[in-house]
Structure formats: structure tokens, C-alpha cells
Amino acid sequence: NAGVTQTPKFQVLKTGQSMTLQCAQDMNHEYMSWYRQDPGMGLRLIHYSVGAGITDQGEVPNGYNVSRSTTEDFPLRLLSAAPSQTSVYFCAAGEGEKLFFGSGTQLSVL
Amino acid sequence: GNSVTQMEGPVTLSEEAFLTINCTYTATGYPSLFWYVQYPGEGLQLLLKATKADDKGSNKGFEATYRKETTSFHLEKGSVQVSDSAVYFCALILNTGRRALTFGSGTRLQVQP
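If you're matching them up, the sequences are chains A and B in order. According to my numbering, the first sequence holds residues 2 to 111 in order. According to my numbering, the second sequence holds residues 561 to 673 in order.
Be a bit skeptical, because a hint or two may be false.
As the list claims (entries may be wrong) - EDC-like mimics (lysine to aspartate or glutamate), calculated; alpha carbons at most 16 Å apart, straight line:
1. Lys628/B - Asp644/B
2. Lys637/B - Glu576/B
3. Lys612/B - Glu629/B
4. Lys612/B - Glu73/A
5. Lys10/A - Glu602/B
6. Lys637/B - Glu623/B
7. Lys616/B - Glu31/A
8. Lys616/B - Glu602/B
9. Lys616/B - Glu636/B
For the record, the hints were derived by calculation from the structure and aren't laboratory data.
Pulled out of the complex, with its shape left as it was, chain A reads as follows (with noise of 0.2 Å):
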């Protein structure tokens, strides 16, 4: 029973550099969700998904792209990666108390 699964665990990029964080569930959740957990800010919710096809901007959505083509799969692109952008990156499946997060991806960004 795998979850929430986030690849990578950890990543460096140069400025300018695109990449696409993956993310995928297995528990058949239409709601999904990436936040960006920064040091005293909490977690903010990027850009979210009510089911396949359907996507929707959150707190602090610039410089994020999202997709949904299946139920399963949520991956999140940076297009060209600014330092502001290094952060932990968290992928969830499932809303309110039914919310399980993948383990999180660290982006540097120098």
C-alpha cells in the first residue's frame, strides 16, 4: 500500500533549469493538491485538482504548471526555475481528514 508517492526525494537546479516533480496515488482520490513548506511560513497550497482534466490555482500558484490526465498521476512543473522556488514540496492526495502527503521533494535552486 504505497500512498502517495513523490519523486525525486532531492534536487538541485541552476536558475533557468525546467523539471516536472512527479506525484502519484493509489488510493483513487479525486482531489489533489501540491503545497511548498517554507521555514516559518507553514505549508501553501500551489495548485490543486478535483478530478482528471480539472485543475485550479491555490495561494501561490506563479511560476507552477500543473496536469491532470488520469486519476492517478499529479506531476507539477517548473518551466525556469528561479531561487525563490527552493523549497520542500509536498504532494497530497484526498481533502480534509482524509489528507495523506507523499514524503516531500527538496529543490534547491541556485
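Please build the complex by placing chain B on the supplied structure of chain A, with the hints as guidance.
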């Protein structure tokens, strides 16, 4: 808008000490309230929840009571253990509209033997 305010950490306690982590909230509607815990190197896990005023959530010896009159949801534990060392997040979700969690900034707890 909605917001959650937690006491700043780190909170450092000796084993078997009493723990209180304060949490207050503002919300445009009637929220459900949660405490999440994050152990080192892991994602967040739900610790406890309360969905209406005067409800008490409890789990693993931790308790929190939904106080609508003071808009608070303070986390307490009577006797902490070293294994409780983690970061604790208070959060809310509105029961209508977009069901996305709003988190507090987190409070790091360090329990020393």
C-alpha cells in the same frame, strides 16, 4: 480571508512534562480544525481533528478542544515523550466552497530525555 496563527518554536521540554501549543484562527465561514504532525524526513500525518464547536479531538495522548468563542484549538499532552519530537501544524478547512487546507506556520517540539 482565512488564517491560522501558531506559537513560535522551538518548544523544548523534558520528558514527562506537560505540553501546550497554542493555535488561533480566523475564518470567513465555519471551519473544521486539525492538528497535523511531521516527523523528521516525512510528510504530514493527521494527528487529530474537530468539526464543530466544543468538540474534543484526541489521539496518542494529545487533545485539542474546538473553542468557537475564543477561535482557538490549542494542542495539549499531559506527559510528552522523546518520540513526540516533531513539527506540529494547526490547520483549518471550510466546510463549504473550496476544500483546501489553510495551515499555520508550524511549531517544532523538542523533547529531551
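Right, here's what the structure says about each hint:
Using a Cα cut-off of 16 Å, the hinted pair lysine 628/B and aspartate 644/B is violated, with the two alpha carbons roughly 27 Å apart. For a cut-off of 16 Å, the pair hint linking lysine 637/B to glutamate 576/B stands: about 9 Å separates their Cα positions. The straight-line distance between the Cα atoms of lysine 612/B and glutamate 629/B is roughly 12 Å, inside the 16 Å bound, and the hint therefore holds. For the given pair, lysine 612/B sits about 32 Å from glutamate 73/A by alpha-carbon distance, which is inconsistent with the 16 Å threshold.
For a cut-off of 16 Å, the pair hint linking lysine 10/A to glutamate 602/B stands: about 11 Å separates their Cα positions. For a cut-off of 16 Å, the pair hint linking lysine 637/B to glutamate 623/B stands: about 6 Å separates their Cα positions. For the hint pairing lysine 616/B with glutamate 31/A, the CA-to-CA distance comes to about 29 Å; that exceeds 16 Å, so the pair is violated. For a cut-off of 16 Å, the pair hint linking lysine 616/B to glutamate 602/B is broken: about 26 Å separates their Cα positions.
This hinted pair checks out: lysine 616/B and glutamate 636/B have alpha carbons roughly 11 Å apart, not beyond 16 Å.
Of the numbered hints given earlier, the model fails hints 1, 4, 7, 8; all others are met.
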